[in-house]
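S.K.: Please model the complete structure; the sequences and the hints are all you need to start from.
Protein sequences, first through last, are from chains A and B.
Position 180 (the first sequence) corresponds to 180 in our numbering; numbering is contiguous.
Position 11 (the second sequence) corresponds to 11 in our numbering; numbering is contiguous.
Honestly, I wouldn't trust all of these hints.
To be verified - Derived DEER-like restraints, expressed as beta-carbon distance ranges:
| hint | chain 1 | residue 1 | chain 2 | residue 2 | range |
| --- | --- | --- | --- | --- | --- |
| 1 | A | R312 | B | R304 | 31 to 41 Å |
| 2 | A | R11 | B | P323 | 29 to 39 Å |
| 3 | A | R312 | B | G101 | 25 to 35 Å |
| 4 | B | A125 | A | G9 | 41 to 51 Å |
Unchecked claim - A few chain B residues facing chain A, derived, Cβ under 7 Å:
| hint | residue |
| --- | --- |
| 5 | D20 |
| 6 | W51 |
| 7 | H183 |
| 8 | T185 |
| 9 | S277 |
| 10 | G311 |
No wet-lab data here; the hints were simulated from the structure.
These numbers were taken from a predicted model, which means no experiment stands behind them.
Ideal Cβ placement from N, Cα and C applies to all residues, glycine included.
2 protein chains.
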Amino acid sequence: MSVPDVAAGARPLARVHRGDLVESVHLGHVVVVGPDGAVRHAVGDPDVTVWPRSSLKPVQAVAMLGHGLDVAGADLALVCASHSGERAHLDVVRGLLAGAGLTEADLQNTPDWPLAPDAAWEWRAQGHGPASLTQNCSGKHAGMLATCRAAGWSTHDYLDPTHPLQQAVVAATVELTGAPVEHVTVDGCGAPLLSTTLVGLARAFGTVAAAARDGSAAGRVARAMATHPWHVGGTGRDVTAFMAAVPGLVAKDGADGVYAAGLPDGGAVALKVLDGSGRPRAVVLAAALALAGVDPALVAEAARTPVLGHGRPVGEVRATFGPDA
Amino acid sequence: MSVPDVAAGARPLARVHRGDLVESVHLGHVVVVGPDGAVRHAVGDPDVTVWPRSSLKPVQAVAMLGHGLDVAGADLALVCASHSGERAHLDVVRGLLAGAGLTEADLQNTPDWPLAPDAAWEWRAQGHGPASLTQNCSGKHAGMLATCRAAGWSTHDYLDPTHPLQQAVVAATVELTGAPVEHVTVDGCGAPLLSTTLVGLARAFGTVAAAARDGSAAGRVARAMATHPWHVGGTGRDVTAFMAAVPGLVAKDGADGVYAAGLPDGGAVALKVLDGSGRPRAVVLAAALALAGVDPALVAEAARTPVLGHGRPVGEVRATFGPDA
Chain A
1 MSVPDVAAGA
11 RPLARVHRGD
21 LVESVHLGHV
31 VVVGPDGAVR
41 HAVGDPDVTV
51 WPRSSLKPVQ
61 AVAMLGHGLD
71 VAGADLALVC
81 ASHSGERAHL
91 DVVRGLLAGA
101 GLTEADLQNT
111 PDWPLAPDAA
121 WEWRAQGHGP
131 ASLTQNCSGK
141 HAGMLATCRA
151 AGWSTHDYLD
161 PTHPLQQAVV
171 AATVELTGAP
181 VEHVTVDGCG
191 APLLSTTLVG
201 LARAFGTVAA
211 AARDGSAAGR
221 VARAMATHPW
231 HVGGTGRDVT
241 AFMAAVPGLV
251 AKDGADGVYA
261 AGLPDGGAVA
271 LKVLDGSGRP
281 RAVVLAAALA
291 LAGVDPALVA
301 EAARTPVLGH
311 GRPVGEVRAT
321 FGPDA
Chain B
1 MSVPDVAAGA
11 RPLARVHRGD
21 LVESVHLGHV
31 VVVGPDGAVR
41 HAVGDPDVTV
51 WPRSSLKPVQ
61 AVAMLGHGLD
71 VAGADLALVC
81 ASHSGERAHL
91 DVVRGLLAGA
101 GLTEADLQNT
111 PDWPLAPDAA
121 WEWRAQGHGP
131 ASLTQNCSGK
141 HAGMLATCRA
151 AGWSTHDYLD
161 PTHPLQQAVV
171 AATVELTGAP
181 VEHVTVDGCG
191 APLLSTTLVG
201 LARAFGTVAA
211 AARDGSAAGR
221 VARAMATHPW
231 HVGGTGRDVT
241 AFMAAVPGLV
251 AKDGADGVYA
261 AGLPDGGAVA
271 LKVLDGSGRP
281 RAVVLAAALA
291 LAGVDPALVA
301 EAARTPVLGH
311 GRPVGEVRAT
321 FGPDA
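M.R.: Here it is in structure tokens:
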């Protein structure tokens with residue numbers, strides 16, 4: 001097992017224009033797969049090995065549902081979320097825990113402030129510090145704990161890579177991505193982080209999104225996310241705006257420049273920004289979705305990324321590829 | 001005048017290791033010049049045209065001193081700063097304005113929160129919103145206003161590119177960088193933003209740092225910055241740590257991945273991270289300084305950039321180049 005080079009084959013994905021210069025350029029990899037899972041378009045290397053970070057959450061949720069987690073709607077969307085830590089997000093997480101006879105004290109994810117500045121302000125103004133509840137992965141961790149309760153597994157060691165819950169996540173990841181899990185480390189939140197390939201990640205999202213009309217675990221995840229996009233992200237988040245704009249879209253952002261999205265027809269896209277920046281992610285996702293057949297007008301607002309001087313646009317972030325590029 | 005391509009010739013500068021994978025890679029350009037201004041080392045293209053952003057502030061300050069600004073010490077360091085908005089920074093800015101018979105109301109830089117989260121918290125807890133005073137460039141703007149007063153120039157239009165102050169900044173930039181200013185736009189703070197070349201930026205810093213023992217405007221800037229590194233950045237900022245660690249170093253960070261630093265012998269370095277990320281800047285600056293003769297042990301702590309999983313290091317950001325690479 002050799003160590004892959006994430007830079008090999010990377011291509012420019014987006015340019016940052018300020019005034020009449022290109023100030024910065026983001027390289028990376030993009031893949032677009034059809035409903036049959038075959039690669040339709042690629043920029044860079046579709047087979048690149050990546051840490052999918054939080055973009056794997058819908059897959060983790062499929063594993064949880066397969067082992068007894070019994071939630072739906074906004075509750076399930078929160079399990080798949082990197083939430084902004086707004087008050088209604090926290091209420092749902094508390095409800096998930098209470099439903100399993102658990103409390104915030106059972107969460108083992110890394111304490112952090114809410115992602116949204118206003119939510120962080122409110123949390124601190126209430127006298128709180130960084131907490132597991134407010135960290136953006138708390139819905140996933142609540143779901144993991146609730147799954148352990150349903151399956152009769154121990155909860156104190158649910159983050160151990162050898163725990164049956166984490167082994168179930170590996171199995172679901174291999175099944176949905178069609179790729180082996182060759183590397184494991186620790187994610188920011190403390191959960192095991194599994195490697196996959198970019199095309200494998202896209203295929204998983206295509207499978208999940210296409211299942212929306214059936215009763216499978218994947219279908220339950222797809223319906224929850226597509227129906228409750230605010231719970232998957234939050235106010236002003238582009239992941240929320242994309243799902244609100246495209247009916248049936250199942251999209252998830254991940255740290256260090258990862259994004260994946262599946263369409264109801266089973267087509268899907270995944271991208272990795274080589275430098276890990278979130279800045280070009282929305283623009284690049286919109287360009288990839290256009291290649292997958294989404295009307296660009298639907299996602300133009302979700303993708304808009306102006307570059308400001310004195311508070312006014314003096315440039316913008318533009319994709320290097322797409323149907324019109 | 002053709003539009004240059006900032007991506008042309010860019011090379012990997014730093015890799016982000018998480019677990020046993022390279023998660024992300026930052027490309028860009030680095031130049032190291034000797035005391036004579038000649039290029040000693042380069043990674044990527046030393047002649048690349050960049051928006052220097054806030055790294056040009058020491059040069060802007062030289063222009064101000066040349067037209068009557070009469071400040072020194074921490075006051076002058078603040079004029080060269082992208083400060084974190086901590087209380088003592090704000091006090092210095094208020095003092096600069098008062099010394100010129102002006103107030104916060106005369107500042108025209110874009111209102112913003114303090115850069116430092118704790119300072120932003122304190123500012124908001126006092127009932128304030130985003131303000132020109134707390135925006136990281138307020139020292140520069142106070143210096144520009146004070147210069148206008150000293151020179152007998154109007155203050156209401158000091159941000160106009162045709163204002164004599166801004167024309168003086170262009171002249172100082174051309175003189176110190178040895179490169180023409182071929183592009184102009186608006187910086188985030190509202191001041192005119194002048195293009196330069198990476199090697200020109202390095203030469204300007206070498207000239208400024210080498211002047212520290214003379215009475216010139218450049219020498220005054222060098223002494224102020226090297227003696228008051230906290231005022232140039234703030235608590236926990238790497239620009240502050242580098243200057244505190246290396247006697248006589250004159251360093252300045254800039255938005256979108258720019259960094260420049262000059263040494264007392266006139267040697268200097270400048271770098272542009274192609275993707276604009278601040279993440280690899282300290283690591284890349286340390287590697288460049290090592291090529292310029294700085295003992296790596298001096299700056300190891302300033303450059304340390306761990307990658308965390310569950311709050312503990314699971315990787316790090318490492319430069320791809322340097323004396324040992």
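S.K.: If a hint holds in the structure, say so; if it does not, say that too.
M.R.: Outcome of the hint check:
1. Under the hint 31 to 41 Å, the C-beta atoms of R312 of chain A and R304 of chain B, about 38 Å apart, fit the expected range.
2. For R11 of chain A paired with P323 of chain B, a C-beta distance near 32 Å keeps the hint of 29 to 39 Å intact.
3. Remark: the range hint 25 to 35 Å for R312 of chain A to G101 of chain B is upheld by a beta-carbon distance near 30 Å.
4. Range check, A125 of chain B to G9 of chain A: about 49 Å between beta-carbon atoms, so the 41 to 51 Å window is met.
5. Here the hint on D20 of chain B is kept, as its CB sits about 6 Å from the closest CB of chain A, short of 7 Å.
6. Taking 7 Å as the C-beta contact cut-off toward chain A, the hint placing W51 of chain B at the interface holds, the least distance being around 5 Å.
7. Given the 7 Å rule on beta carbons, the hint for H183 of chain B holds: about 5 Å separates it from the nearest Cβ of chain A.
8. At about 3 Å, the closest approach between the beta carbon of T185 of chain B and any beta carbon in chain A falls short of 7 Å, and the interface hint on this residue holds.
9. Restraint check, S277 of chain B versus chain A: the minimum CB separation of about 5 Å is within 7 Å; hint holds.
10. Because the closest C-beta pair between G311 of chain B and chain A is about 5 Å apart, less than 7 Å, the hint holds.
Against the hints set out earlier in the document, no violation occurs for any number.
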